[in-house]
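Please construct the entire structure, taking both the sequences and the accompanying hints into account.
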Amino acid sequence: MGVIDIYNTSSFFLIKPNNNINQFVIPQRPTCCSFGGNHIRVIAMNSTIPVLHELNEVQQRLTGDAFIRPHLRQLSPYQSILPFEVLSARLGRKPEDIIKLDANENPYGPPPEVFEALGSLKFPYIYPDPESRRLRAALAEDSGLESDHILVGCGADELIDLIMRCVLDPGDKILDCPPTFTMYEFDAAVNNALVLKVLRKPDFSLNVEQIAEVVSLEKPKIIFLTSPNNPDGSIINDGDLLKILELPILVVLDEAYIEFSGLESRMKWVKKHDNLIVLRTFSKIAGLAGLRVGYGAFPLSIIQYLWRAKQPYNVSVAAEVSACAALQNPTYLEMVKNVLSQERERLFKLLKDVPFLEPYPTFSNFILCEVTSGKDAKKLKEDLAQMGVMIRHYNNKELKGFVRVSVGKPEQTDALMACLKRLS
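Using this note's numbering, read the sequence shown as starting at 1 and increasing by one per residue.
Among the hints, a few may not be true.
Taking lysine to aspartate or glutamate and the EDC-like style, the derived pairs with C-alpha atoms no more than 20 Å apart in a straight line are [to be verified]:
1) Lys197 - Glu209
2) Lys409 - Asp97
3) Lys349 - Asp161
4) Lys272 - Glu358
5) Lys397 - Glu334
6) Lys381 - Glu358
7) Lys381 - Asp97
8) Lys381 - Glu334
9) Lys381 - Glu370
10) Lys349 - Glu398
11) Lys337 - Glu358
12) Lys378 - Glu358
13) Lys221 - Asp161
14) Lys94 - Glu105
15) Lys352 - Glu334
16) Lys400 - Glu185
17) Lys409 - Glu398
18) Lys243 - Glu213
19) Lys221 - Asp203
20) Lys201 - Asp142
21) Lys271 - Asp142
22) Lys221 - Glu246
Label-pair ranges, simulated between beta-carbon atoms [said to hold, decoys possible]:
23) Leu423 - Arg134: 44 to 52 Å
24) Tyr108 - Asp129: 26 to 34 Å
25) Asp274 - Pro124: 52 to 60 Å
26) Tyr127 - Ala212: 25 to 33 Å
27) Glu345 - Asp148: 33 to 41 Å
28) Met417 - Gln79: 22 to 30 Å
29) Asn329 - Glu411: 22 to 30 Å
30) Glu209 - Ile81: 31 to 39 Å
31) Val190 - Ile81: 16 to 24 Å
32) Glu334 - Asp148: 22 to 30 Å
33) Glu411 - Arg134: 31 to 39 Å
34) Glu113 - Leu82: 39 to 47 Å
35) Ala212 - Ser120: 48 to 56 Å
These are calculated hints, taken from the structure and not from any lab test. Just so we're clear, the structure is a prediction, and the values are computed from it rather than from any experiment. Glycine residues also receive a C-beta, built at the ideal position from the N, C-alpha and C atoms.
Structure follows, in structure tokens:
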């Protein structure tokens, strides 16, 4: 959009009291206009045509929400997980006594280098590098993808919203494949986009044929895919992904949990596919969920526009320093991946023995379970919470009757199983 400069030869409007009625004089049509590029310059003169307003009446009618965009007034807030302090107050337990298995966090935390780096910050009072050069260089070395293709954000969530703001006009459509990460649908609503849904199959695999049909008929601009998928942990095979990449649609592949799958990231694919974006995060494997660091791999034809639109200081000094420190200890990250993968297999076997749970195979650090035998999923979640164990329950229709359990430490698994036994 252009910029309009308005210059008045006198005051913009004049207020004259007249019999307790305030009289507003508005500018007449401009007497002179000049145009230059995207700049419009207007010189306006005052008019003597009065417009009468009862100020008191206007003030009584006008409320703050009148300034809010109409579609946002209908927006439901995102249902986030409660933080430790709130849980502690509600449950009457110390934070360290709560078994938190509801948000897929890494219970082992970040490598020790992160704490050392945070403790020795020299310039926290200086604004961060707007291009996160040091971190992007470290990511390039770690991934084998040139830093020109990499953009860092305040969590991958920021990048999801940034992509939508750069690609979508109000009323445009995105394609979602639920059950999946609900942030895609939420950000679409924030950006005044329509959400088309192609449900996954009973085994949570993608319905590629129906996706192709919807793309052909409805012309959505973006499809969001997650591999491993949250909440079930299923993965997208190369064949299905390649079929979707052949469609005339921007494909955003969210790989937040890719490390736990044992599969290689598709970050390098963005050099071959101009309609592919791959998102990653430090929240899971690196244990930096509280510091909010995510990143994405983009085709060069796309990333240039995201650079223009992103906030200049979106990644804090603490976040960038911590992410760089985490990448310095790949041995620790590999150890965490192996330990959590082993515990995942143990937890899966134990959950299969619970008479009212049916766990689904997973390639991530969580396990989705169908609640059976007449048990109510919401009540199961609430009963466990009263015992100090937090798991995830869903209100949406696609996951009615399901709960999700994050993989924790062995002692956390033992505590969960003891509580489930009490409820059997």
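Status of the given 33 to 41 Å range, CB of Asp148 versus CB of Glu345: holds (39 Å)
Pair hint outcome, Lys349 versus Glu398 [Cα-Cα no greater than 20 Å]: violated (25 Å)
How does the Cβ-Cβ distance of Tyr108 and Asp129 compare with 26 to 34 Å: does it lie in that range? Given about 29 Å between the Cβ atoms, the range holds.
Does Glu334 sit within 20 Å of Lys352, going by the straight-line distance between their CA atoms? Distance ~27 Å between Lys352 and Glu334 Cα, so the pair is violated.
Run the distance test for Lys381 versus Glu334: straight-line Cα separation, threshold 20 Å. violated (32 Å)
Satisfaction of hint between Asp142 and Lys201, Cα-Cα up to 20 Å: Measuring from Cα to Cα gives roughly 35 Å; hence the hint is violated.
Are the Cα atoms of Lys337 and Glu358 separated by 20 Å or less? violated (25 Å)
I want to verify a distance hint. Is the separation of the beta carbons of Leu423 and Arg134 within 44 to 52 Å? holds (49 Å)
Given pair status - Glu358, Lys381, alpha carbons within 20 Å: holds (15 Å)
Lys271 and Asp142: Cα distance at most 20 Å? holds (17 Å)
Evaluate the given range 22 to 30 Å for the C-beta pair formed by Glu334 and Asp148. For Glu334 and Asp148 the Cβ distance comes to about 27 Å; the hint holds.
Okay, Glu411 versus Arg134 on CB: inside 31 to 39 Å? Since the Cβ atoms of Glu411 and Arg134 sit about 37 Å apart, the hinted range of 31 to 39 Å holds.
Of the numbered hints stated above, those contradicted by the structure are hints 3, 4, 5, 8, 10, 11, 15, 17, 19, 20, 25, 26 and 34, listed in ascending order.
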